[in-house]
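Student: Sequence:
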Amino acid sequence: MGIDFTGKKIGFALTGSHCTLDKVMPVMEELVDEGAELTPILSEAVLTHETRFGTPEKWRSQVIDITGNEPITTIPEAEPIGPQNLFDILVVAPCTGNTTAKLANAITDTAVVMAIKAQLRNERPVVLAIATNDGLGNNAKNIGYLINTPNLYFVPFGQDAPEGKPNSLVSRMDLVVDTVEYALNGKQLQPVVIEHKGV
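The opening residue of the sequence shown carries number 1 in the UniProt record's numbering; numbering runs sequentially from there.
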């Protein structure tokens, strides 16, 4: 669609699908390279859980290096997003099943969900890039509900490991920027459900 990202204020939230975080860093870099002003928002899981994919310090320092901004990490820090109209668009990538479940059920107990709630208060777009092992299990109803929620847009997703993890759904992180472009025009990038192909 050819949107000029120069000066666009984008909130970029990361939640605890740790195996997906490495695929999100190039997306943040691309948006910054295209002139967007990114503010990172980190979930408690990203801030506190050390995994085989990296330490909390690694992820925090990496997002600061990419964006040049300190991350939002608490509910009080996220709350002004609404009244101060801080972002043109908010991206949640990766967006875990835990986050989708809380969002679908109006549970606001993390910085990321508070950021989403604050952004939606202004009827501004939110892009969700899901990564959940129970997307076709317990979380299917939540994803279905959110797909029908105004101002929420989904990065196209599919089954990433249908034989070993038949309920797992993951968005194509290489389509985040395209989804953001469409969402800024009030449109959903199609098709939403795709063959994942492990990208």
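Heads up, a few of these hints could be off.
As the list claims (entries may be wrong) - Straight line, CA to CA, 20 Å or less: simulated DMTMM-like cross-link-like pairs of lysine to aspartate or glutamate:
| # | residue 1 | residue 2 |
| --- | --- | --- |
| 1 | Lys9 | Asp134 |
| 2 | Lys117 | Glu44 |
| 3 | Lys187 | Asp174 |
| 4 | Lys8 | Asp33 |
| 5 | Lys23 | Asp88 |
| 6 | Lys8 | Glu44 |
It should be emphasised that the hints constitute simulated quantities derived from the structure, not laboratory data.
Student: None of the hints should be skipped; say for each whether it holds.
Tutor: The hints, checked one at a time:
Restraint check for Lys9 and Asp134: the C-alpha separation of about 32 Å exceeds 20 Å, so the hint is violated. The straight-line distance between the Cα atoms of Lys117 and Glu44 is roughly 17 Å, inside the 20 Å bound, and the hint therefore holds. This hinted pair checks out: Lys187 and Asp174 have alpha carbons roughly 18 Å apart, not beyond 20 Å. This hinted pair checks out: Lys8 and Asp33 have alpha carbons roughly 12 Å apart, not beyond 20 Å.
Proposed proximity of Lys23 and Asp88 is contradicted: the alpha carbons are some 23 Å apart, above 20 Å. With a C-alpha separation of about 26 Å, the suggested pair Lys8 and Glu44 falls outside the 20 Å cut-off, and the hint is violated.
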